[in-house]
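Colleague: Mind docking chain B on chain A? Use the hints.
These are the residues of each chain, in order.
Number of protein chains: 2
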Amino acid sequence: MPDIDFWYSIGSTYSFLSIMRLDDWCAENNATVKWRPFNVRAVMSEQRNIPFAGKPVKSSYMWRDIERRAAKYHIHARLPAPYPISDLELANQVALLGMTEGWGKPFTQALYRIWFEDGVEAGSEDAMSEALFRCQLDPLPVLARARSPEAERALSAETEAATALGVFGAPSFVVGNEVFWGDDRLEDALSWAKVGHVV
Amino acid sequence: MPDIDFWYSIGSTYSFLSIMRLDDWCAENNATVKWRPFNVRAVMSEQRNIPFAGKPVKSSYMWRDIERRAAKYHIHARLPAPYPISDLELANQVALLGMTEGWGKPFTQALYRIWFEDGVEAGSEDAMSEALFRCQLDPLPVLARARSPEAERALSAETEAATALGVFGAPSFVVGNEVFWGDDRLEDALSWAKVGHVV
Chain A
23 MPDIDFWYSI GSTYSFLSIM RLDDWCAENN ATVKWRPFNV RAVMSEQRNI
73 PFAGKPVKSS YMWRDIERRA AKYHIHARLP APYPISDLEL ANQVALLGMT
123 EGWGKPFTQA LYRIWFEDGV EAGSEDAMSE ALFRCQLDPL PVLARARSPE
173 AERALSAETE AATALGVFGA PSFVVGNEVF WGDDRLEDAL SWAKVGHVV
Chain B
23 MPDIDFWYSI GSTYSFLSIM RLDDWCAENN ATVKWRPFNV RAVMSEQRNI
73 PFAGKPVKSS YMWRDIERRA AKYHIHARLP APYPISDLEL ANQVALLGMT
123 EGWGKPFTQA LYRIWFEDGV EAGSEDAMSE ALFRCQLDPL PVLARARSPE
173 AERALSAETE AATALGVFGA PSFVVGNEVF WGDDRLEDAL SWAKVGHVV
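Taken in order, these protein sequences are the chains called A and B. Take 23 as the starting number for the first sequence in this note's numbering and just add one per residue. Take 23 as the starting number for the second sequence in this note's numbering and just add one per residue.
This is chain A alone, in the form it adopts within the complex:
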């Protein structure tokens, strides 16, 4: 079965559902998913794609839809979470650094819990430090490394890779050349990986 790449951005609201349910889902479906943080804000800004700012009705709906679907997946959440987040770039640079060092996934999961359960904005130094603590890491040196030009370049390179694949929003699941946008397309992506079409 081809791999499923999970492109997400800390800062994306719907990514919460995928981040919280993917481990169980992979175990149930005997699937492997590669977690790939990128800078969705840069992509959407470039494409003039502004889904929620200045759109109160659509924004309210988004929170209600996430609330209903979180309940469906038995995921705890206190909504609405603070939105939008401030330092999206740094949060995803930390996550990407963590992916190369083996703690990127638990960091992301801890940070989303802090954001969606405790109500602390995910781009804040408080939230990131707490998430790193929960991964038994010393926040200050990690944040310093995540602010380095190398870490910035690494996130830019991943963001360019996502864009080259046709990814325009988060979360997206990519199987070969096929992009599946949205937590609600996870099953479509699995189906594509298994049989080459959506069932």
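For the record, the hints were derived by calculation from the structure and aren't laboratory data. Computed from a prediction, not measured in an experiment: that's the story for all the values here. Note that beta-carbon positions come from the ideal geometry of N, C-alpha and C, so glycine has one too. Check before you lean on any hint, since a few could be wrong.
[Unchecked claim] A partial selection of chain A residues facing chain B, derived with a Cβ cut-off under 7 Å:
| hint | residue |
| --- | --- |
| 1 | Gln69 |
| 2 | Asn71 |
| 3 | Lys77 |
| 4 | Val79 |
| 5 | Lys80 |
| 6 | Arg90 |
| 7 | Lys94 |
| 8 | Phe190 |
| 9 | Asp206 |
| 10 | Val220 |
[Unchecked claim] DSS-like, lysine-lysine: derived pairs with alpha carbons at most 30 Å apart:
| hint | chain 1 | residue 1 | chain 2 | residue 2 |
| --- | --- | --- | --- | --- |
| 11 | A | Lys127 | B | Lys80 |
| 12 | B | Lys77 | A | Lys77 |
| 13 | B | Lys80 | A | Lys80 |
| 14 | A | Lys94 | B | Lys216 |
| 15 | A | Lys127 | A | Lys94 |
| 16 | B | Lys80 | A | Lys77 |
| 17 | A | Lys56 | B | Lys80 |
| 18 | A | Lys80 | A | Lys94 |
| 19 | A | Lys56 | B | Lys77 |
| 20 | A | Lys216 | A | Lys56 |
| 21 | B | Lys94 | A | Lys80 |
| 22 | A | Lys94 | A | Lys77 |
| 23 | A | Lys56 | B | Lys94 |
| 24 | B | Lys77 | A | Lys80 |
| 25 | A | Lys94 | B | Lys56 |
| 26 | B | Lys80 | B | Lys94 |
[Stated by the list, open to error] Every beta carbon over 10 Å from chain B, so not counted as near; a handful from chain A, in silico:
| hint | residue |
| --- | --- |
| 27 | Met23 |
| 28 | Pro24 |
| 29 | Asp46 |
| 30 | Trp85 |
| 31 | Pro102 |
| 32 | Pro104 |
| 33 | Pro106 |
| 34 | Thr122 |
| 35 | Ala132 |
| 36 | Asp140 |
| 37 | Glu147 |
| 38 | Phe155 |
| 39 | Pro163 |
| 40 | Ser170 |
Modeller: Relative to the frame of chain A, chain B by itself:
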């Protein structure tokens, strides 16, 4: 079980999937759905919600996603269909007139086939006339009635009713006070109607 209202607009691309699959889906699920055409363009314009214009990557994805999901539902389509359509108001005034006279649903289904299978833009007089012919109606007098101030007012009233419910896009399914946006939320709407939460 509470009713499910199906708010759609001729002119909405994702409404195609619902319009083509709802009859079979209702039979399979022993569900009743009320078809309610409205003017989604007026609502989205008011809310400055412009999902596809000037967004080529997102637009390409939309057609690919519809193509994959149409195949999943065994619905024939020749994509991309001409988009956007010209006279969205008139097409939906015809459909709403038809809802009061018993031919609104077959007219809508015929018009989407003409648009998505034959490639004739659904807001054109050619497409609307052909769809009315297929419903064994004489197009000229129907189109004249659909252009009347009464028909305009009727569509405006339905559009206001949709807005009051929190509908901001098409298709939307509404159960009581709950809005479910997108063809992919039809199962969530049914679940809500049956048990009051999403399963």
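Colleague: All hints, please: hold or fail.
Modeller: Here is what the structure says about each hint:
The restraint placing Gln69(A) at the interface with chain B holds, with a minimum CB-CB distance near 6 Å, inside the 7 Å limit. Contact between Asn71(A) and chain B, as hinted, is supported at the beta carbon level, the nearest pair being about 6 Å apart and thus within 7 Å. Contact between Lys77(A) and chain B, as hinted, is supported at the beta carbon level, the nearest pair being about 6 Å apart and thus within 7 Å. Evaluation of the Val79(A) hint against chain B yields a held restraint, the C-beta minimum of about 5 Å falling below 7 Å.
Below 7 Å, beta-carbon pairs count as interface contacts, and Lys80(A) has one with chain B at about 5 Å; its hint therefore holds. At a threshold of 7 Å, the smallest CB-CB gap from Arg90(A) to chain B is about 5 Å, leaving the interface hint in force. At a threshold of 7 Å, the smallest CB-CB gap from Lys94(A) to chain B is about 4 Å, leaving the interface hint in force. For Phe190(A), the suggested interface contact is upheld, since its CB lies about 5 Å from the closest CB of chain B, less than 7 Å.
The interface hint given for Asp206(A) holds, since its Cβ lies 5 Å from the closest Cβ of chain B, which is under the 7 Å cut-off. Given the 7 Å rule on beta carbons, the hint for Val220(A) holds: about 4 Å separates it from the nearest Cβ of chain B. Proposed proximity of Lys127(A) and Lys80(B) is supported: the alpha carbons are some 28 Å apart, at most 30 Å. Pair hint Lys77(B) plus Lys77(A) holds up; C-alpha atoms about 18 Å apart against a cutoff of 30 Å.
Under the criterion of a C-alpha separation no larger than 30 Å, the hint pairing Lys80(B) with Lys80(A) is consistent with the structure, at around 18 Å. Distance restraint check for Lys94(A) and Lys216(B): the Cα-Cα separation of roughly 14 Å lies within the 30 Å cut-off, and the hinted pair is therefore satisfied. Only pairs whose Cα atoms come within 30 Å are accepted, and Lys127(A) paired with Lys94(A) is accepted, the gap being roughly 23 Å. Among the hinted pairs, Lys80(B) with Lys77(A) is consistent with the structure: their alpha-carbon atoms are about 19 Å apart, no more than 30 Å.
For a cut-off of 30 Å, the pair hint linking Lys56(A) to Lys80(B) stands: about 23 Å separates their Cα positions. A distance of roughly 21 Å separates the Cα atoms of Lys80(A) and Lys94(A); the hinted pair therefore holds under the 30 Å criterion. A hinted pair counts as satisfied when its Cα atoms are at most 30 Å apart, and Lys56(A) with Lys77(B) qualifies at roughly 28 Å. With a CA separation close to 16 Å, the supplied pair Lys216(A) and Lys56(A) stays within the 30 Å bound.
The suggested pairing of Lys94(B) with Lys80(A) holds, with an alpha-carbon distance near 28 Å, which does not exceed 30 Å. Between Lys94(A) and Lys77(A), the direct Cα distance comes to roughly 26 Å. Compliance with the 30 Å bound is thereby established for this hinted pair. Using a Cα cut-off of 30 Å, the hinted pair Lys56(A) and Lys94(B) holds, with the two alpha carbons roughly 26 Å apart. For a cut-off of 30 Å, the pair hint linking Lys77(B) to Lys80(A) stands: about 19 Å separates their Cα positions.
Under the criterion of a C-alpha separation no larger than 30 Å, the hint pairing Lys94(A) with Lys56(B) is consistent with the structure, at around 26 Å. Under the criterion of a C-alpha separation no larger than 30 Å, the hint pairing Lys80(B) with Lys94(B) is consistent with the structure, at around 21 Å. Distance check for Met23(A) against chain B: the nearest CB is about 18 Å away, which clears 10 Å, and the non-interface claim stands. Remark: the non-interface label on Pro24(A) is consistent with the geometry, its nearest Cβ contact in chain B lying 16 Å away (cut-off 10 Å).
The claim that Asp46(A) is not at the interface with chain B holds, since no C-beta of that chain comes within 10 Å of its own (minimum 16 Å). Once the 10 Å rule is applied to beta carbons, Trp85(A) is consistent with being away from chain B; the minimum gap is 12 Å. Every CB of chain B is more than 10 Å from the CB of Pro102(A) (nearest about 15 Å), matching its label as outside the interface. Every beta carbon of chain B lies more than 10 Å from that of Pro104(A), the smallest distance being close to 23 Å; the non-interface claim holds.
No Cβ of chain B comes within 10 Å of the Cβ of Pro106(A); the nearest lies about 17 Å off, and the non-interface call holds. With a cut of 10 Å on Cβ distances, Thr122(A) stays outside the contact zone with chain B, its closest approach being about 28 Å. The claim that Ala132(A) lies off the interface holds: its Cβ sits roughly 26 Å from the closest Cβ of chain B, which is beyond the 10 Å cut-off. Look at Asp140(A): its CB is around 25 Å from the nearest CB on chain B, clear of 10 Å, so calling it non-interface holds up.
Non-interface call for Glu147(A) relative to chain B: holds, since the shortest CB-CB distance, roughly 33 Å, exceeds 10 Å. Listed as a non-interface residue, Phe155(A) keeps its Cβ farther than 10 Å from every Cβ of chain B; the least gap is roughly 34 Å. Distance to chain B confirms Pro163(A) as a non-interface residue, since its nearest Cβ pair spans about 38 Å, more than 10 Å. Every C-beta of chain B lies more than 10 Å from that of Ser170(A), the closest at about 30 Å, which supports listing it as non-interface.
Consistency with the previously given hints is maintained throughout, with no hint failing.
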